[in-house]
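Here's the letter readout for the chains.
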Amino acid sequence: MSVRIDDRVRACRNGDGGFGPVPGAPSEPEPTALAAIALDDEDARAWLRAHQRDDGGFGPVVGPVVRDDTGVVALALAAGPERQRALDKVVGTFGNNGPGVEGDPLGWPWSDGTHGWVEPTAWAMLALRAHRPSAVERVRDGLELLRVRESVGGGWNFGDRTMLGVDQRPYVQTTGIALLALHGLDEALSARGLRTLRDRWGAEASGLLSLAVATAALRRYGAPEADDAMRRLREAAPSGQDAVSLGWSSLALGPGLRTLEVP
Amino acid sequence: MTEPAPEPRIDRRTFLVRAAGTAAVFGGAAALGWRLGHPGRPTPWNERIFPPPGEARVAVLRAPSYDRGLEAIVLDGLRAVGADVGGARVLLKPNMVEYDPGSSINTDPRLVAAAVTALRRMGAASVTVAEGPGHRRDTGYVVTASGLAEALHDVDTSFVDLNTGVAAPRQTNSSYTGLRELWIPRAVTDADVVISMPKMKTHHWVGVTLSLKNLFGTLPGRVYGWPKNALHWAGIEGSILDIAAVVRPSYAIVDGIVGMEGNGPIDGTSKSVGVVVIGDDPVATDVVSATIMGMDPSRVAYIREAGRFLGQADPDRIVQVGEDPAAFVTPFAPAPGFASLLR
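Residue numbers (the working numbering), protein chains in the order written: chain A, 1 to 263; chain B, 1001 to 1343.
Keep in mind the hints are simulated off the structure, nothing from the lab. Quick caveat: nothing in here was measured; it's all calculated off a predicted structure.
Ranges of calculated distance between the beta carbons of each label pair, as one might list FRET restraints:
| # | chain 1 | residue 1 | chain 2 | residue 2 | range |
| --- | --- | --- | --- | --- | --- |
| 1 | A | Arg49 | B | Pro1331 | 57 to 67 Å |
| 2 | A | Gly103 | B | Glu1323 | 48 to 58 Å |
| 3 | B | Ser1126 | A | Pro26 | 16 to 26 Å |
| 4 | B | Val1155 | A | Arg231 | 27 to 37 Å |
| 5 | A | Arg49 | B | Pro1169 | 21 to 31 Å |
| 6 | B | Gln1171 | A | Val166 | 35 to 45 Å |
| 7 | B | Thr1269 | A | Arg195 | 23 to 33 Å |
| 8 | A | Arg49 | B | Arg1048 | 42 to 52 Å |
| 9 | B | Gln1171 | A | Gly24 | 16 to 26 Å |
| 10 | A | Val166 | B | Arg1186 | 33 to 43 Å |
| 11 | A | Ala203 | B | Thr1189 | 28 to 38 Å |
| 12 | B | Ala1168 | A | Arg231 | 35 to 45 Å |
Partial list, computed: chain A residues near chain B (C-beta under 8 Å):
| # | residue |
| --- | --- |
| 13 | Trp110 |
| 14 | Thr114 |
| 15 | Phe158 |
| 16 | Glu204 |
Glycine residues also receive a C-beta, built at the ideal position from the N, C-alpha and C atoms.
Looking at chain B on its own, in the form it has when it is part of the complex (with noise of 0.2 Å):
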């Protein structure tokens, strides 16, 4: 007889309740951080790191399923934003935070292999994919049961788990959080060319996941946990704004063939949008996916922040190099609270 289970006690209130008391922890930076850059006060990047972002390049690609020509699609969308991986040490960094049967939280590892392979023939030196799950601590068990593994078998490339690999710290090139400083995997560091290889969500704390907030599994859970509770703590959106500025990724590759809405990142819905976007600046190519998603990406906070120093938010400076975004244009269903992000 199955004793009757306590009634739920974690939730979002419970949780924003609890992320209120972020600035006590990590030293006030944490929650108003990203609210500091206003004309007047001194900016929280490095201005000798960051100039000012100037033109981007996004391409839309048609992509109907999973099935055939991901490779031709991926190469035209590299070769459209002018990607330069000649003799590089390219890392592909997909999303693979947590695995559930017939879900659609990860980046699809057909076109993670698909990648690799565009990206040999466009000569890169080598390519390794890398993660560092958030949920789930057994890697190997994610990496195995969502097909990453025999894919990249498939394609004869190396997985190297950021979550227990070499790392050591690195001072932070901006101040949105009190972090200072983040343990940042040799895998990462060692890479000429990072490519944040996202799947299209919405998410429940900060409303989309892309190529930025992706960049969360760069840093490793022996540090920062599972979940990667200590920069919830520093403030989700600050940390994505740290991560990135330190991470730095040259490109994006956004699975957008089938994303999630809903309650994302892990418990939405499955969406069909049959495109991949890439671009040659992570935070365009998230403006351009946020927007084909139904979104208003000017109304995301942390991309309307980044679009300030680490890439170009400006859609009148994001030239379209691939088909016409508007075509593709599926408006999901926003996360929990997310209303207002909707066009």
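The shape of chain A in the complex, shown without the other chains (with noise of 0.2 Å):
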């Protein structure tokens, strides 16, 4: 694990114990989950629970809209109270899918009351896999999303798998984090995404996140092509500009990764 990657993470700390999305901004409830869990830091641990919303959730509220950032804080809190409301408030989040369309999964939405995506999908399905193990029917309904909004070949983009008749490419870092939720749960849906993966991951690592969330992936999986993408990653982070992009880098190579590691 490199001390330089780490102590750029560190650089988004602000004095209140929380990390900003860059540094010297604000503290948000995403990179400092993302630093919680790379760095095992209690400090942003306690950030995160003097944090919490009323509802149980986590996330910036800008007028109607509720940014819900839970699954992620849920699997970087400790075992606790606010571990539990957190995972409560993940079980009662749905994607919306309008009037008039029944019987597709709803997963989880970026923001309440909205469609569902591949990636807070991704987070929920973690969250709950890890620590709420009873809420099955909520981890299929997930499952479920991630095969209908799986891209034509495999793996995903952020939640499209066509668009007015045209199939729609898959994302490094979509598919990534798709195939750390699914670990163990459809190993068709998952080969065809790690394929993907194995294929396009080299394309696209010049962006920082989908090189550092591909190395998680890949080195869940045991593929072959880990160390290559680890080499690859330790290389880059240390420019890296953002928390969220440094953290998802320090967990991919460090300890951190075993809590995306559900059973």
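Join the two chains into one complex using the hints; note that each chain is given alone, in its own frame.
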């Protein structure tokens, strides 16, 4: 694990113990949660506990837009009432398919009351599989969302398989986090996603976030490309600019990855 | 052996049905708000902030390729519309919503770099390029793979990722959605002059995407998501208006050298037009650009509504200071469902 990368993450820490999305920015739940996982940082967890919303959730609230970072935060929190309330919020949060659409999986949205998408669904699945294994139906719904949003040939983008009849290409970053979430749940789906990731990770490695998430997933699946990805990530991460990319980098290279290795 | 993949489930029909639920989530104004501004009813914008739009100036400039003379073209255009950027901190906002090799999704990095150098020559104190891509969360990938990072390095200009930068809530200046406030990045609010720099494209939800729609990328994904789905639920057209009423770009530079027709803004086909459109009013610039695309801008609902308060949409009050736009009209294949926009 590179100390320099962890130092870069710590550069986003504020005096209140939380982490901002970039150095100098006010603390926010998502970068704080990633830092808490990556660095096993108790001050970051304390900041998270102090910023839990009344509904048990975490995330910025801007007018009626209630961003939901609760999945990743639930993974970052230690066992206790705050984590249980966060998990309750995760269980009770649904993507909104709107009126007249029945039968489609709901998944989890970026913000309350909107459609479910791949990345927030993956975080919610990881949190529930790790700490609320009784939420079988919700995990099954998340898995179903990943199945129907899968890009043709495998992998995922933000969450559209087709748009107006056009197949939408997968992205490395979203393919990586989806793979982490469904590890052990659907071998065929994982195999297609992993093949996509192995094919594409190098082409998108110029993006630190893509490289970091890909590295985490390649390591998780024991892919032969994992060592090369780790080497490239060690080289690239010290020049990272934002806390989410840096947090993922630290997580992908260090012991924090175990947090995402749900049974 | 590859497993058979499931059938597609998420498509336009689903999206439209889902979007119909907007009002229930965002307080009712979202779906209907932009229709509220009919005579005799309260206007959905703050009249103290927005006086009736005045005369606008738009320059249409011949630009056959990305390979030569772009700085002079941009300089000519900005001067022709009377752009005043002396001593100003300028923020350039290109369209980098996504990257797909070989496509025409993005404002071309060469034109962005040319605009940077032109603005410096006009005395701008600083020029920053900023974007918050709406589809891909990994802005670093979009910026490097598209060539924008290299182009900006060549002109020694910094890039700000609006998805991650410091941001703060601002009250909306209009009420076409129920959003009430928007998180606006400091890079935007600290700029003296914001220049919207879109690609000339069709758009499968709103008909065309130009300098007004381009402003979606000023709002951070870390609040609004990837895609910025909260804005879709709030009403895409209403969101365009509410965002533009807060960001209030001073100028627009439209990349129409090669645009995108058909199923834009991502999956359409490249369309060579050979033009750069520069204006001192984003609404007027969009009116002229849509006209060049063979569209009737008065049939683009959000442009028509924007013309009531954000800028000038009346062609008779748009002063053409460059070449004759009629010489550049290159009908675009409309986005699916938008044939009614054609002249």
